[in-house]
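Novice: Protein chains in written order, with our numbering: chain A, -11 to 181; chain B, -11 to 181.
Any given hint could be a false lead.
Which copy is meant is left open, because identical chains are indistinguishable; a pair holds if it fits in one copy or across any two.
With a straight-line Cα cutoff of 25 Å, these simulated SDA-like cross-link-like pairs (lysine to any residue) come out [stated by the list, open to error]:
#  : residue 1 : residue 2
1  : 109       : 86
2  : 39        : -1
3  : 109       : 95
4  : 39        : 128
5  : 109       : 57
6  : 39        : 5
7  : 109       : 170
8  : 39        : 148
9  : 39        : 130
10 : 39        : 7
Since the hints were derived computationally from the structure, they do not count as laboratory data.
2 protein chains.
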Amino acid sequence: MPRDGTRARARLRAAALELYREHGYDVTTAAQIAARAGLTERTYFRHFADKREVLFDGEAELRTILVDAIAAAPPDLGPLAVLVRAFNAAVPLLVANRPIAVQRATVIAGASALQERAYAKVAALTDALTDALVGRGEMASAARLAAQVGMAAFDHANLRWAGDPNVDLADLIAEAASEVSRLGEGWAGYNGG
Amino acid sequence: MPRDGTRARARLRAAALELYREHGYDVTTAAQIAARAGLTERTYFRHFADKREVLFDGEAELRTILVDAIAAAPPDLGPLAVLVRAFNAAVPLLVANRPIAVQRATVIAGASALQERAYAKVAALTDALTDALVGRGEMASAARLAAQVGMAAFDHANLRWAGDPNVDLADLIAEAASEVSRLGEGWAGYNGG
């Protein structure tokens, strides 16, 4: 049994993904995940609060990268440009996680309890981006709108990337932000603004 | 006991909101909600699948209004303008529901299980808007991005409206769409596009 928590978590993550894919989320227990990982159920619950969290262990790392990149962006950049820079900073992590991400997405899509947790994680990430933009001096409500719009663009790019791994995710992120621009232009034209 | 399902649902919704506010979501049972409404537990479960759904009974009506307004919009309008029209069509419903909406939001904010269900409802509504835009001839991925961005603007307007009921929600919706435009302009300027 490894003493290093990072290795234990990685083994639990891999074991959970295997079991959820083999038998489904509903019937798999934390005890079975721990056993597959060669660890005890007690160790499982030291690392993860429930059967769902084990699938979302990578979120903290993504959040840290995004928040740090927002804080480090030049002060004169607009919020959407700041967010695009931050998403670009996360591309290496997303590329590294890609093989697992596809399996994980399939498991999540198959259980509404996991989908609801995934939505909550997106909301928590959006809150973190909002706070990071507020830290740059944005008003809270404007920061929240920018974070939601940025996350929509990031999600759009990731979905396209899931369908075609041969394109550059950074290019798709920039294209998604440009699509948001065109949406806004269409509205400004209609609204006379 | 009313034979009309609509009246039974309304009584169950009101009873659930009362009990969740008085005692909290976690300790309240479906049987208690039914008893408060003067109905049986069996009737409760004929109308709502679980303890959470009773708080989201208005979503179907909102979705119908939005989807119908998208389908009825002039064919030459851009997607964000179509969505703003649809959100405007829902303003009377939101105004009518306002007193309950505030209490409901407080209850939902107090229980993570309810928050997760609320996120799932937003996702389902976003899917419905996406499908309605696809029905107008938008590409699926562009429609999804537009629906997400539109929902971000709608959420932004509703949050501001929750803080100040004296302003016109329709004005806040238009302002939120204009804020999206300015976000996009900032990106286009940075990106040289």
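Novice: Decide, hint by hint, whether the structure agrees.
Specialist: Verification of the supplied hints:
Within a single copy, residue 109 and residue 86 get their C-alpha atoms as close as 18 Å, which meets the 25 Å cut-off; across copies the closest is 28 Å, which misses it. For a Cα distance limit of 25 Å, the shortest separation of residue 39 from residue -1 inside one copy, 14 Å, qualifies, whereas the shortest one across copies, 36 Å, does not. Taking the shortest alpha-carbon separations for residue 109 and residue 95, both the intra-copy value of 16 Å and the inter-copy value of 20 Å come in at or below 25 Å. In this assembly of identical chains, the alpha carbons of residue 39 and residue 128 never lie at most 25 Å apart, being 34 Å within a copy and 33 Å across copies at closest.
Within a single copy, residue 109 and residue 57 get their C-alpha atoms as close as 19 Å, which meets the 25 Å cut-off; across copies the closest is 31 Å, which misses it. When the C-alpha separation of residue 39 and residue 5 is checked against a cutoff of 25 Å, the pair qualifies only within one copy, where the shortest distance is 11 Å, while the shortest distance between copies is 30 Å. In the homo-oligomer, the alpha carbons of residue 109 and residue 170 never lie at most 25 Å apart, since the shortest distance is 28 Å inside one protomer and 27 Å across protomers. When the C-alpha separation of residue 39 and residue 148 is checked against a cutoff of 25 Å, the pair qualifies neither within a copy, at 29 Å, nor between copies, at 37 Å.
When the C-alpha separation of residue 39 and residue 130 is checked against a cutoff of 25 Å, the pair qualifies neither within a copy, at 36 Å, nor between copies, at 34 Å. For a Cα distance limit of 25 Å, the shortest separation of residue 39 from residue 7 inside one copy, 12 Å, qualifies, whereas the shortest one across copies, 30 Å, does not.
Of the numbered hints given earlier, the model fails hints 4, 7, 8 and 9; all others are met.
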